[in-house]
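Quick mapping for you: the protein sequence lines, in order, are chains A and B. Following my numbering, the numbering of the first sequence begins with 1 at its first residue and continues without gaps. Following my numbering, the numbering of the second sequence begins with 1 at its first residue and continues without gaps.
It is possible that some hints are incorrect.
Only pairs whose alpha carbons sit at most 20 Å apart, straight line, appear in this in silico SDA-like list of lysine to any residue [claimed, not checked]:
1) K25/A / K100/B
2) K31/B / F12/A
3) K25/B / N20/A
4) K111/A / E40/B
5) K100/A / L17/A
6) K25/B / E65/A
7) K100/B / Q78/B
8) K111/B / F50/A
9) K111/B / F8/A
10) K31/B / H49/A
11) K111/A / Q78/B
12) K111/B / G116/A
13) K36/A / P55/A
14) K106/B / F8/A
15) K100/B / E40/B
16) K100/B / E15/B
17) K36/B / P55/B
18) K111/A / K100/B
19) K31/A / E40/B
20) K25/B / F53/B
21) K111/A / I113/B
22) K111/A / C87/B
23) K31/B / S47/A
24) K111/A / K111/B
25) K36/B / I113/B
26) K25/B / P55/A
27) K31/A / V46/B
28) K100/A / F8/A
29) K111/A / H48/B
30) K106/B / A21/B
31) K36/A / N26/A
32) K25/A / K31/B
33) K111/B / T112/A
34) K100/B / G116/B
35) K111/B / S47/A
36) K111/A / N6/B
37) K31/B / K100/A
Just so you know, the hints here were simulated from the structure itself, not pulled from any lab data.
2 protein chains.
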Amino acid sequence: MEPIKNTFGQHFLVEFLQCNAETLKNVETVKLNLLKSAQESNATIVSHHFHQFQPDGVSGVILIEESHFSIHTWPEHQYAAFDVFTCGPMDPNIAIDVLKQAFEAKTVNIKTIARGF
Amino acid sequence: MEPIKNTFGQHFLVEFLQCNAETLKNVETVKLNLLKSAQESNATIVSHHFHQFQPDGVSGVILIEESHFSIHTWPEHQYAAFDVFTCGPMDPNIAIDVLKQAFEAKTVNIKTIARGF
Numbered sequence: 001m002e003p004i005k006n007t008f009g010q011h012f013l014v015e016f017l018q019c020n021a022e023t024l025k026n027v028e029t030v031k032l033n034l035l036k037s038a039q040e041s042n043a044t045i046v047s048h049h050f051h052q053f054q055p056d057g058v059s060g061v062i063l064i065e066e067s068h069f070s071i072h073t074w075p076e077h078q079y080a081a082f083d084v085f086t087c088g089p090m091d092p093n094i095a096i097d098v099l100k101q102a103f104e105a106k107t108v109n110i111k112t113i114a115r116g117f
Numbered sequence: 001m002e003p004i005k006n007t008f009g010q011h012f013l014v015e016f017l018q019c020n021a022e023t024l025k026n027v028e029t030v031k032l033n034l035l036k037s038a039q040e041s042n043a044t045i046v047s048h049h050f051h052q053f054q055p056d057g058v059s060g061v062i063l064i065e066e067s068h069f070s071i072h073t074w075p076e077h078q079y080a081a082f083d084v085f086t087c088g089p090m091d092p093n094i095a096i097d098v099l100k101q102a103f104e105a106k107t108v109n110i111k112t113i114a115r116g117f
């Protein structure tokens, strides 16, 4: 009988602060960087969906075999909230590094939470 | 000059345990219940995207004006991980109640995390 697991995945909640506001404004720029972060961290992409808010700001999600990536940007505050929820072998820290560089974030705060029982 | 906010939203991380496994298996059932939870909690839906894993299990996201809903189900463990990230006036507790009933969850664990600086 398979043992009952009590953890199904790790959830990384990331705050990117003091970013380059221009990079956070446009859906195409944010999408390209999110997809790059998923690919480089070895996530298996199922689908991706991004939305441009007016006048600017972006929300987006990538469904991955291992769970999901999400992003929400507030260019007017040079802030982006990024999540990786993974139950597989991909490496969220690589994704975080890719986006830290892309957004030119001067400060990055990370919380890691075990999901499950 | 607008004061700099240090919190951009509340993130509810919810574990639904000891659920009805059948309800968690099928993408159409999970999608209907997620959309109902978003509507009843007064979220403004931008788009929704769901994926059926084989043989069963579902991942899904709803992009909302206020940020996002996400769901991942593990029917074999009668477990679902649900998130609401909101920066607006909708009520995540209503969404959680809708899904607790729909999934027949015997236990619900909730963490609330302020997103921002």
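So, going through the hints one by one against the coordinates:
1. K25/A / K100/B: With a Cα-Cα distance of about 37 Å, the restraint between K25/A and K100/B is violated, given a limit of 20 Å.
2. K31/B / F12/A: 25 Å, violated
3. K25/B / N20/A: Violated - the C-alpha atoms of N20/A and K25/B are around 42 Å apart, more than 20 Å.
4. K111/A / E40/B: Violated, at about 30 Å.
5. K100/A / L17/A: 9 Å, holds
6. K25/B / E65/A: 16 Å, holds
7. K100/B / Q78/B: 12 Å, holds
8. K111/B / F50/A: 26 Å, violated
9. K111/B / F8/A: Holds: K111/B and F8/A sit about 16 Å apart, inside 20 Å.
10. K31/B / H49/A: 16 Å, holds
11. K111/A / Q78/B: Violated, because 26 Å separates the two Cα atoms, which is more than 20 Å.
12. K111/B / G116/A: Holds, at about 12 Å.
13. K36/A / P55/A: 25 Å, violated
14. K106/B / F8/A: 18 Å, holds
15. K100/B / E40/B: Holds, at about 14 Å.
16. K100/B / E15/B: 10 Å, holds
17. K36/B / P55/B: Violated. K36/B to P55/B sits at ~25 Å, over the 20 Å cutoff.
18. K111/A / K100/B: 26 Å, violated
19. K31/A / E40/B: 30 Å, violated
20. K25/B / F53/B: Given pair K25/B, F53/B holds - Cα atoms ~9 Å apart, limit 20 Å.
21. K111/A / I113/B: 10 Å, holds
22. K111/A / C87/B: 19 Å, holds
23. K31/B / S47/A: It holds: about 16 Å lies between the C-alpha atoms, which stays within 20 Å.
24. K111/A / K111/B: Distance of about 13 Å is within 20 Å: holds.
25. K36/B / I113/B: 24 Å, violated
26. K25/B / P55/A: Roughly 40 Å separates the two Cα atoms, so the pair is violated.
27. K31/A / V46/B: 17 Å, holds
28. K100/A / F8/A: 27 Å, violated
29. K111/A / H48/B: This hinted pair is violated, its Cα atoms lying about 26 Å apart.
30. K106/B / A21/B: 12 Å, holds
31. K36/A / N26/A: 16 Å, holds
32. K25/A / K31/B: 30 Å, violated
33. K111/B / T112/A: OK: K111/B and T112/A at ~13 Å, within 20 Å.
34. K100/B / G116/B: 28 Å, violated
35. K111/B / S47/A: This hinted pair is violated, its Cα atoms lying about 27 Å apart.
36. K111/A / N6/B: Cα-Cα ~16 Å, so holds.
37. K31/B / K100/A: 33 Å, violated
In this structure, the hints that do not hold are numbers 1, 2, 3, 4, 8, 11, 13, 17, 18, 19, 25, 26, 28, 29, 32, 34, 35 and 37, in rising order.
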